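As you go down the protein sequences, you meet chains B and G in turn. Sequential numbering of the first sequence, starting at 14, is according to my numbering. Sequential numbering of the second sequence, starting at 14, is according to my numbering.
What the hints contain is simulated information worked out from the structure, not anything from laboratory work. Please read these numbers as outputs of a predicted model, since none were measured by experiment. Do not take every clue at face value.
One copy or any two copies: either way a pair holds, since identical chains are not told apart in the list.
[To be verified] Below are the DSBU-like pairs computed for lysine-lysine, each with C-alpha atoms no more than 35 Å apart in a straight line:
(1) K260 to K393
(2) K367 to K346
(3) K408 to K203
(4) K260 to K110
(5) K347 to K237
(6) K191 to K363
(7) K346 to K162
(8) K227 to K162
(9) K243 to K191
(10) K337 to K307
(11) K203 to K191
(12) K162 to K347
(13) K347 to K243
(14) K307 to K227
(15) K393 to K215
(16) K354 to K215
(17) K415 to K67
(18) K347 to K199
(19) K172 to K367
(20) K110 to K386
(21) K227 to K386
(22) K383 to K337
(23) K367 to K199
(24) K67 to K393
(25) K260 to K215
Below are the chains, spelled out letter by letter.
Number of protein chains: 2
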Amino acid sequence: MSTFQPVRGMRDLLAQDAETLTYVISKARENAQLYGFQEVITPIVEPLELLSAKSGDEIRQRMFIFDDLGGRRVALRPEFTASIARLATTALRSEPKPFRLFSVGSVYRYDEPQRGRYREFWQANFELMGSAKPEADAEIILLANSLLKNVGLTGYAIKLGHIGIVKAILAQEGVDDKTQNAVFQKMDKKEFEAAYALLNAKCRAVLEGLVALKGETSAETVEKLREHIKGYEGAVASVDNLAAILKLVTEAGCSIQKVDPAFARGLEYYTGIIFELYVPELDIALGGGGRYDKLIEAFGGEPTPAIGMAAGLDRIGLAIQAQKTVLKKHQQKKVMVIAIKEDQKGDALKIAQKLRDEGISAEFEVMGRKMAKALEDADKRNTDYAVIVGERELKEGKVVVKDLANRTQAEVEISALAQKIRS
Amino acid sequence: MSTFQPVRGMRDLLAQDAETLTYVISKARENAQLYGFQEVITPIVEPLELLSAKSGDEIRQRMFIFDDLGGRRVALRPEFTASIARLATTALRSEPKPFRLFSVGSVYRYDEPQRGRYREFWQANFELMGSAKPEADAEIILLANSLLKNVGLTGYAIKLGHIGIVKAILAQEGVDDKTQNAVFQKMDKKEFEAAYALLNAKCRAVLEGLVALKGETSAETVEKLREHIKGYEGAVASVDNLAAILKLVTEAGCSIQKVDPAFARGLEYYTGIIFELYVPELDIALGGGGRYDKLIEAFGGEPTPAIGMAAGLDRIGLAIQAQKTVLKKHQQKKVMVIAIKEDQKGDALKIAQKLRDEGISAEFEVMGRKMAKALEDADKRNTDYAVIVGERELKEGKVVVKDLANRTQAEVEISALAQKIRS
Numbered sequence: 014m015s016t017f018q019p020v021r022g023m024r025d026l027l028a029q030d031a032e033t034l035t036y037v038i039s040k041a042r043e044n045a046q047l048y049g050f051q052e053v054i055t056p057i058v059e060p061l062e063l064l065s066a067k068s069g070d071e072i073r074q075r076m077f078i079f080d081d082l083g084g085r086r087v088a089l090r091p092e093f094t095a096s097i098a099r100l101a102t103t104a105l106r107s108e109p110k111p112f113r114l115f116s117v118g119s120v121y122r123y124d125e126p127q128r129g130r131y132r133e134f135w136q137a138n139f140e141l142m143g144s145a146k147p148e149a150d151a152e153i154i155l156l157a158n159s160l161l162k163n164v165g166l167t168g169y170a171i172k173l174g175h176i177g178i179v180k181a182i183l184a185q186e187g188v189d190d191k192t193q194n195a196v197f198q199k200m201d202k203k204e205f206e207a208a209y210a211l212l213n214a215k216c217r218a219v220l221e222g223l224v225a226l227k228g229e230t231s232a233e234t235v236e237k238l239r240e241h242i243k244g245y246e247g248a249v250a251s252v253d254n255l256a257a258i259l260k261l262v263t264e265a266g267c268s269i270q271k272v273d274p275a276f277a278r279g280l281e282y283y284t285g286i287i288f289e290l291y292v293p294e295l296d297i298a299l300g301g302g303g304r305y306d307k308l309i310e311a312f313g314g315e316p317t318p319a320i321g322m323a324a325g326l327d328r329i330g331l332a333i334q335a336q337k338t339v340l341k342k343h344q345q346k347k348v349m350v351i352a353i354k355e356d357q358k359g360d361a362l363k364i365a366q367k368l369r370d371e372g373i374s375a376e377f378e379v380m381g382r383k384m385a386k387a388l389e390d391a392d393k394r395n396t397d398y399a400v401i402v403g404e405r406e407l408k409e410g411k412v413v414v415k416d417l418a419n420r421t422q423a424e425v426e427i428s429a430l431a432q433k434i435r436s
Numbered sequence: 014m015s016t017f018q019p020v021r022g023m024r025d026l027l028a029q030d031a032e033t034l035t036y037v038i039s040k041a042r043e044n045a046q047l048y049g050f051q052e053v054i055t056p057i058v059e060p061l062e063l064l065s066a067k068s069g070d071e072i073r074q075r076m077f078i079f080d081d082l083g084g085r086r087v088a089l090r091p092e093f094t095a096s097i098a099r100l101a102t103t104a105l106r107s108e109p110k111p112f113r114l115f116s117v118g119s120v121y122r123y124d125e126p127q128r129g130r131y132r133e134f135w136q137a138n139f140e141l142m143g144s145a146k147p148e149a150d151a152e153i154i155l156l157a158n159s160l161l162k163n164v165g166l167t168g169y170a171i172k173l174g175h176i177g178i179v180k181a182i183l184a185q186e187g188v189d190d191k192t193q194n195a196v197f198q199k200m201d202k203k204e205f206e207a208a209y210a211l212l213n214a215k216c217r218a219v220l221e222g223l224v225a226l227k228g229e230t231s232a233e234t235v236e237k238l239r240e241h242i243k244g245y246e247g248a249v250a251s252v253d254n255l256a257a258i259l260k261l262v263t264e265a266g267c268s269i270q271k272v273d274p275a276f277a278r279g280l281e282y283y284t285g286i287i288f289e290l291y292v293p294e295l296d297i298a299l300g301g302g303g304r305y306d307k308l309i310e311a312f313g314g315e316p317t318p319a320i321g322m323a324a325g326l327d328r329i330g331l332a333i334q335a336q337k338t339v340l341k342k343h344q345q346k347k348v349m350v351i352a353i354k355e356d357q358k359g360d361a362l363k364i365a366q367k368l369r370d371e372g373i374s375a376e377f378e379v380m381g382r383k384m385a386k387a388l389e390d391a392d393k394r395n396t397d398y399a400v401i402v403g404e405r406e407l408k409e410g411k412v413v414v415k416d417l418a419n420r421t422q423a424e425v426e427i428s429a430l431a432q433k434i435r436s
C-alpha cells in the first residue's frame, strides 16, 4: 500500500519548524499578558452565517464550508475577528469597557499554496473593544511592534492607512456601499485599474491622486494628503485621526515607515485606520489590522468601537528562520538512562523519573540494546550524559555517569545525581 | 438582528476556563520535554482515507467529513495517532528508532454534547515509536502518571488491560477479524450482552470469565487471569507481557489501581496493552492509550512497533476545577498607566512600553476618561498600581504611583519605576 500524504495546502511542522512556531506562539502569549489582554479560546468550526456576514467576498469564496451531521451549515474560521465579535455580543455583552482579548490558533483559507502561504495557517489575534480614541489605535500598533521586536526580528516595517479617507470621498460622491466594497477588494489586490473602472472620472482622479501620495512617513506626506482631500469633510476628519495616531505612536518610540492613503485590506468590516506589518528585505507580510467600529452592532450587540490585529505566525517563523534569529530558550542538558541488566530496569525507570521531577529531560533506553549500542545511539542524539544503572553501584546507592562530550565517567550518589548533571 | 451562537457541541472558553486549558497545555508540553518527546504539528484537516483506515466504525461514524473546494474527501481529525503514523511512514521514515513525538491541539467528534464532552475538544498526544519492549509501555504509563501528578490532580487512577488476551483467544477459536472488532466495539461501550451475542457458547464462557476477573491490581488477580486463559498460547504471552509491564511500572513508583482483562477501547488499531486514566471520585475519564504494533505497516511504512497515549485536556481541566487545584503560575502585579492631559499621552504610552519591556503587565487608559473615573475602573479590575503621568512630574523625570490596595501614593523617578512596582 502506498503512503498517505497531507491534504494539498496543509503541511506538517517538524523539528525546527515546530519549535519555531511554538516559540512564536509563546512570545505572542507573553505579549498579550504584558499588554493586559485576556486569552479566549473559540471554536475553529463556526456558523457560516457568522463568518460570512462581514468578511467580504474575497474571503467568503475561499472558506472551507460544509454541513455537519446535524445539517448545520458551518465553516472553518478564516480569521478570528468574527468569533471575537460574536463573544462581544453574547457572553461578554455586559463586560465593562474597555476589554482586551487575545486568541491564538489555526485559521483556514483555500488559497493557491506557495512558500509562506498555506491553507491552514496560524494567527495570534488581539482585539481591544470599547474605545474609539486614538490611544486605543496607538496601543494596538505598539503591541504589533513589540511582538515583532520581542521575537527577535529586525528590519521589519509598519505601513499605515485609513479606510475612512477613501470611504468618505466615495460616499460624498454618491458611490453606494456595494461598489465601495468592490473598489476596496480591487485596491487590496493592487488591481488599481480595475478599481478605477468601477468609478466615474471625478472619483477616479481623486483616487489616482491618493495612490500617488503613498510614501515615506513624514509631516510633509500628511500635509500633502490634507491638501489633496480638501472639501471632503469626512476625509478631513479621517486624516486628522490618522495624524493623531501617528503622533502618539511616534512619541511612544515606534517608527511607522510608510503612510499609504490608498491602502485597503480584504475584510469589509474596517472603518478607520488599517495597518500592515512586513519585512521589506524579505518581501513578506507578517500581519496587520485596523479599526472596525460597526461590526459588534451589525452582529446584534451594543454599539462598540473596536480595533484589532492579527499576526501571521507562520510568516513570522519564516522571517525568523530567514534572519537566522536565535530562539531565546534555555538550553537543557539531555540525559539517557540505561539499565545494564533486566533486573535493574525498574530502578532505572525510577531514577529517570527522579531526574524529570527535578526538571531534567531524561530519555530512557527502551530498545533493550546492548550497552555499546545504546551509548552509540545516545551519542548520535547529542545526549550530554548517559546514566548507567548497574547492580553493584545500585547496592551502594550509586550510578555511573558518563559525560559523552568529554568521554569521562564517574560514580555518583543517586541523591546527588540531578545536581551533578545541572553543574 | 439576533446574536450569533457557537455551533451546537462547540464552545467558547473564557477567563478561568481558558486559563485552565492553557495551563494544562503548558504542563503537557513541559512533560513532553522532560521525557524527550519532540513536538510536531500536523493539520487538523486530513484525508478521510487516512483517518478512517484504522480508527474503527465507532469513530468513523462520528467524524466531520466534507469535500474541500478541490473535491478532496477530507475530515477533521478525531484523534492524533493516524496523523503521527502518517509521519512515521513518510517524513520520519528513515529516522533512527526509537523516536518520541508529542502533539497538542483540538480534535473533533460528533458526539451528543454533555458536561465534559464537546464536539471540539483538546488532546495532548504522545507516541513512542520503534520499541516493542515492556519498558516502552512502562514509559508511556509513567508519562501519563507524571502529567496528572504535575498538573496537580489527586485521587486519579490508572486501569490496565491487554487487547492481546481476548484477541488471541478469539483467533484461536476461529473468530474472524471483523467479528473481533465488532466484539471490541461492544465491550468498549460496556455492552457485554451484545458482545456475547456475536460469539459461540465456548467463546462466550471464556469472555464472561475474563469480565468477572476484573479487579484491584494484585499478584492474585494476575495469577487468576493466568489460570483462566490456560491453553490459549497467544493469551499466555499477552498475560506475561502485561505482568512484565506491571512490574516495571510498579518498581518505578507508579501505582496501577485496576487490572481489567476484558477492557477494550474504541480504536481498532491496538494490539497490546491498553490503559485508561480516570478520577473515580468524579467519575471522569481523563485519557488513555495503548500499543499498536501493526499500524505503521498498514499505512505503508516499515514494520514499527509503537505505543501511544492521549490525554483529554478539557477533562483534566474540569477535574482541576472540581478539585479546586491552585494553578501554579506566578502572580503578576497589574499596572494601569494614565495620562492626566492629552499632551502627556505620548509620554505615558512610552512609560507603559518601558514597563512591559521590563516584564511588567501594563494596561494603558484608552477611554480618555477623567482621572477619577479611570482610577475607579482600575480599582474594579484589581489593578495593583496606577501610574499617573502629569506635566509637572514629567518635567522632573517622575510619575505619581498610586498603590490602589493601600490607598497611598508617591512620586517615583521614571528610571526606578519598574523596580518600585516589582518590590
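So, going through the hints one by one against the coordinates:
no.	hint	verdict
1	K260 to K393	between (56 Å within a copy, 31 Å between copies)
2	K367 to K346	both (15 Å within a copy, 34 Å between copies)
3	K408 to K203	neither (76 Å within a copy, 47 Å between copies)
4	K260 to K110	within (25 Å within a copy, 58 Å between copies)
5	K347 to K237	neither (61 Å within a copy, 43 Å between copies)
6	K191 to K363	neither (68 Å within a copy, 41 Å between copies)
7	K346 to K162	both (28 Å within a copy, 23 Å between copies)
8	K227 to K162	within (25 Å within a copy, 58 Å between copies)
9	K243 to K191	within (25 Å within a copy, 79 Å between copies)
10	K337 to K307	neither (41 Å within a copy, 40 Å between copies)
11	K203 to K191	within (19 Å within a copy, 58 Å between copies)
12	K162 to K347	both (30 Å within a copy, 22 Å between copies)
13	K347 to K243	neither (67 Å within a copy, 45 Å between copies)
14	K307 to K227	within (27 Å within a copy, 62 Å between copies)
15	K393 to K215	neither (71 Å within a copy, 53 Å between copies)
16	K354 to K215	neither (88 Å within a copy, 42 Å between copies)
17	K415 to K67	neither (63 Å within a copy, 43 Å between copies)
18	K347 to K199	neither (54 Å within a copy, 44 Å between copies)
19	K172 to K367	between (52 Å within a copy, 23 Å between copies)
20	K110 to K386	between (63 Å within a copy, 12 Å between copies)
21	K227 to K386	neither (65 Å within a copy, 40 Å between copies)
22	K383 to K337	neither (40 Å within a copy, 47 Å between copies)
23	K367 to K199	neither (62 Å within a copy, 40 Å between copies)
24	K67 to K393	between (54 Å within a copy, 34 Å between copies)
25	K260 to K215	within (32 Å within a copy, 85 Å between copies)
Of the numbered hints given earlier, the model fails hints 3, 5, 6, 10, 13, 15, 16, 17, 18, 21, 22, 23; all others are met.
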